[in-house]
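Chains as they are written, first to last, in my numbering: chain A, 70 to 179; chain B, 63 to 554; chain C, 5 to 102; chain D, -10 to 478; chain E, -16 to 294.
No false leads were mixed into what you were given.
With the Cβ distance kept under 8 Å, some of the chain A side facing chain E (calculated, not the full set):
(1) LEU104
(2) VAL117
(3) ARG125
(4) ILE142
(5) ALA150
To be clear about the criterion: a stretch of chain B counts as covered by chain A if any three or more of its residues have a C-beta under 8 Å from a C-beta of chain A, and this derived list gives those stretches:
(6) 207 to 213
(7) 236 to 250
Calculated directly from the structure, the hints in this document are not laboratory data. Quick reminder that beta carbons are idealized off the backbone N, C-alpha and C, glycines included.
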Amino acid sequence: MTGLDTATLFAWCGAGLIGIGLYGFLANRHMLRRLVAFNVVGSGIFLVFGASGARRADLGPDPVPQALIITGIVVALATTALLVALVIRYADLAGRATLPEDEPGDDGKE
Amino acid sequence: MILPALAPALSVAVPLAAAFLAVVAPRPRLLVGVTVPAMLAVMALAVLGVRQGGPLVLAVGGWEPPLGIALVADGLSTAFLVATALTIGTVLVVALPQFPIRQNETRAGWAFWPLAFLLWAALNAVFLSGDLFNIYVAIEFVTLATLALVALEGKAKQVEAAMRYAMFALFGSLAYLLGVALLYAAHGTLDIGLLAQLPAQDTASLVAAGLITAGLAAKTALFPFHAWLPPAHAGAPAPASAMLSALVPKASFYVLLRFWFDAMPEAAGAIALQLLGALGATAIVYGSILAVRQNRLKQLVAYSTVAQIGYLFLVFPLAGGSAEPQPWTAGAWTGSVFHAVSHAFAKAAMFLAVGHAVLAAGHDRMSAMDGLTRRMPMTAFALGVSAVTLMGLPPSGGFTAKFLLLTAAFASGQVLWAAIIVLGGVLAAAYLFRPLARAFLPDRGRYGTVPRAQQALPLALAMLSVVLGIVSAAPYDFLQTGRPAAAEEGLE
Amino acid sequence: MSIATLFTALMTTGGLIFFIAGSVGMLRFPDQHSRLHAMTKADNLGLGMIVLGAMAQAGGPLVVFKLALIWILAVAASAVTAQTIARATLPGQADPEA
Amino acid sequence: MNQALPLIILATALVPSLITFFLAEDRVWVRNALNLGGAVLKLALVVFMLAEVGRGQVYQTEFELVPGLSLVLRIDALSLLFVTLSTVLWLLTTVYAIAYLHGGKNLPRFFGFFSLCVFATTGIAFSGSLITFFLFYELLTLATWPLVVHKGDAASIRAGRTYLGYTLTGSAILLVGIVWLESLTGPVAFAAPPQLAGLDAWSLRAIFLLLIAGLGVKAALVGLHVWLPQAMVAPAPVSALLHAVAVVKAGAFGIVRVVYDIYGIALVQEIDMGLPLAAIASATILFGSIRALTQHGLKPLLAYSTVSQVSYIVLGAALFSQTAVVGGLVHLVHQGLMKITLFFCAGVFDERAGVHDIDEIDGIGARLPWTSVAFTLGALGMIGLPPIAGFASKWYLGTGGLEAGQPWVVAVLAVSTLLNGAYFLPVLYRIWFREPGPNAAAAETEGPAMLLAPPIATAALALAAGLFAAAALSPLGWATLIVERQYAP
Amino acid sequence: MTGAIFDIVLCLLILAVALAAILGRDLFGSVVFFIVYGLLVALAWTRLGAVDVALAEAAIGAGLTGVLLVGAVARLRRGGVVEPTPPRPLARGAQMGICVLAAGLVGAAIAGLDPDAAGLTATVAQNLEASGVGNPVTAVLLNFRGYDTLLETVVLLVVLIGVWSLAEDRYWGGRPGLRQHAKPGGVLATYGRFLPPLGLLAGVYVVWAGTDQPGGAFQGGTILAAVWLLVAMAGLVDAPPVTARRLRLTIVAGPALFLAVAVAGIFMGGFLHLPPEHAKQLIQTIEAGLALSIAATLALLVAGPPQRGAR
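All chains should be built: construct the whole structure from the sequences, respecting the hints.
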């Protein structure tokens, strides 16, 4: 990946996104924020994957990663949809959107 | 004989079709009655095919890898397929009275059946797939079906357990996905067979290997990532937790086995292998200590899963890291597969039996076991036999696995793992005999019982793990089909 | 610098100015309604000018039609959103809209 | 034919057990017929084999479980000695148990595990390789635990927990020793002992220690014996069969196998582990007898006496002389006969006259004459008075000790005989020469024939074993045959 | 040259918006930034030449995920769920360290890659003719790696069943989601009538064009789901009850059809084998079935579990 052609640039951008997203995933306590972070990391990984498929500008982007990324995006959506439903249901039942052990102050462990 | 070649395809198609029917026309008695025998027939076909013609490789859609996806049914995958079929088959029959479809359809009554069949299809898809990205989709499929099953009861504790599980599972699948992406970027193929022939020492492959191992370890609830398993498996309804505890962590462990022993045999550095072994050993000790302190039955059995999963990871220091097989690698590798399969039967039997005890007593505290031998002798016997397997005492499959791992530990001079294995057995006895002893206490006649016909099923499943211990020569040879170099016995 | 590229450059800079005006308006204006006003009016006009500029570069009539369609849809969408938000935040009138 | 015989004999114990488990509680007749039938059939087969093996015929079957782990069943003279003892006493104990537990609860479970336990004991006797021995050794633990906790009260659950704690840890240590040994020498079969001479002494000593410690738990060596007295809370037939025949003897039998069929007594002496083993055995003998002195319960007294008596066998095995080995092996049978008589009588005293402690036993001779006679015969045999069997084994052990140049063995035997006398004679005195206490329950009749026949039979057998010791088919004769055929140095 | 500058600016913008989405103090703000981030990533995909992925990212990644998150934030705010306090600085520092390490690791792996590896572009091009479709991505998605897509559509079904099973027992049998209602003559209602014909046309076109140009069942299905949601929001139509047989048939139709074609393939040469001569028609039928089911499933996922009676 010599020089700064489009593929390398976006691959580095993807790596950066993974770092940012992972931080969001670890640091945030609110479930929806962690879900946003999860999607950011996901799209970062797809960016790395897609950029690695576009290294040969002359041949055009490699269709296999593209297909896999579309599958990945749909799977990520499915996971997000289930998580959102879980978070809403948990908020109705327990009145909070964080796991007990993440709740600062009150002891999570019953 | 083209029929066996269809076995891999059918073993995914049949449960999917059953699931679609379960969604549209929920008649569980009919569905289970048709699907379970059909699947057992398909499994018999697969075993026959693999025994005669060696591994069955099916290029889906006629496209050969690297372009298409190859479904591989060799000794290892067929063993897991058969274990899954027998376990889920029994669980479904046991679940029939617990999730009935009366005239007004209930939420859990409807949802359990499609989810169970889909989990079955997902597990079969994982065990058959020879393509790393396809494994990603199948593992995600397993995780989502498990999430739904864990939260099926719908109370705050279960939803919380599902969310905690989701956090670990999401991290796991992202790490695995990134690893697969890097591998494709580095080698241009995702097929395990083709990857094996490529040299894998460049940075991208090593980073990918690390990510894939971390991701799958999180999904298998290996020691540092085990916090989600006990609440999730204890919270789910008994038939569901039987499927979850017995099979789901095994799916991600199976992928680890495929990755480290088939895709990149030389890539593992010694430190990585010892680290995995150390984490497994800590899991055994930590899981057992926590299991001893539990006073709820389902929690105790769930923590025992955390401990038993530790045994599986001992295969890496014992047999990993080198392509050319030492005499003991085949023994250690087969030992860990024996452990995985016999643990699946025993754990499923134990969760079902505990489920019946909890059903009869109305609560899942230890006192639910009082006087079990008089009220429900078959359930007590099933608990006893499955406990024997989990402790690795003869004549169970667990003992054969423990013996193979021990022989490999001594043959390869890593005596520490031997001590851990034996200590694990004694600790397992410590936390399993506590509830079993209560079964002999006289019950004050306040608990009911479960019809005998239903009690027989967990017992049959538990006896399967004992049969595996007695008739173990045939499975041992069967597991060697498709292994790159089947080394001779583990001792000389 | 053929006429078309000159025309596009002119129109896009014009559009840009309206966009900046709209954004500044949205940030600076005191209450909800005036901010909405600034947003929808200025940005849509800016978008219209940029679309016109792009049309000049377009290949065939089909692309021109597609660009026009984009502009119409954008205008319709922002109009509806502005109306709904405005109604939702009218003082005192509790709109049951979910 | 000789391939299938061991399996058939094992089946005579396994089949009744599996069927009994699933019989309903009230099918008493079928259950008793099944168990007694199995016992009688087994006895017949064993007698047939006594003749065959006597003529030098060896039965062996082997089938491989997994490479490196194969099940070998082999009947040689030593295994026959143990099997004959266990078969005869199993038949008598079943008769006794049917009478003793008549009308009790959970009987299908009891008799199921009872015959499963005998299946395991026969398996231990027949095992032709170390790993097969371990398989049945483990199965014995699992089969005996439910019997120990049979009553289901807090005391027996606690006793069960101690029992498991000791036995499972012991078997874990044993497994480590076995696998370590097999990793050095390959699968270990008793028929062809592995060449251990080449291996370094230290690992041999370590393995020897592991094996003896693992087996020592069941052989109730001092320090590892705690579970035995506590397991006395189990019903009388359980403590009779288990602690006189099955469990303790399995441990001692295992030690004999390890010392003679794996290491060979010469090698044991060479890595100088013979003396420490003899020392531990002697310590246990004395310790058991001393503790028995201080007991005031009848069954704990018998338990501690078992602890000390089993170590006679271990002592015999540890000494470097043929006669000592013969003494040890024959004591395996004699102690079984005598101790089971005492346990049967203790059970009858408890059942018919409600006697648990020694001071309640005054004048029981008048009320339960037959049982008291049997008890006296057993007790005198334990002390070692001729002509009862006990004397023969002590005599051989003593001469063996002298032969092996270990005179202190005779001293140990003498002191232990004195101690035996010290705790048995007062009991005998109370039985015969004391008037029954004011509240002693006057039993109307001594009890059903099925309850009295077994103790009398075993007492008679003990006496016969002593009187006809010289005969070829007597335990002593058989023991000398074993030593000459298999362990001649 | 201008392309490189645009790319650099785009990357910086993406990273900035991602940071804003992660670190934003207000939850709703973060979600809005996430939607913007999604659109920018879609733009990045167009720059990389992967138009199919751009379409998918925009429609699914930014669009639908955005709607789900916005709906969730609104629902939590109505339930009075309060924001937890941020974590202790020490933990934050450690986590930052881990993330920089992770990004660095991925960067090292990328740097180590061979710059002119071509992946499977050539192989796909050779077999494109036999796959029966023009668009290579659709060829991979529905023919070469059709098995992946089959599993993926079933994943959507699993999640829908999972979401429905999170309903309260008393609402089972009811209609999914909340009852939307808008003033009959109001702006939203008229918009709800004005847009659907155009939306349906666009959706069906995208599904149809998928065989030879960028597009396909997933992107088309999402557009159709969006149209249905708009009409529902306009109060013109309501979701059928969860136990309705025809609703369940629609969500199962797509995967079931795909499975049927796959199993039928067994008699024509192998599981999921599409004979080249009529592969195109087969793929189009599969895409149509999938689009229908995906539209229904995605719409129902946004609507959520049943929260009201069946009246």
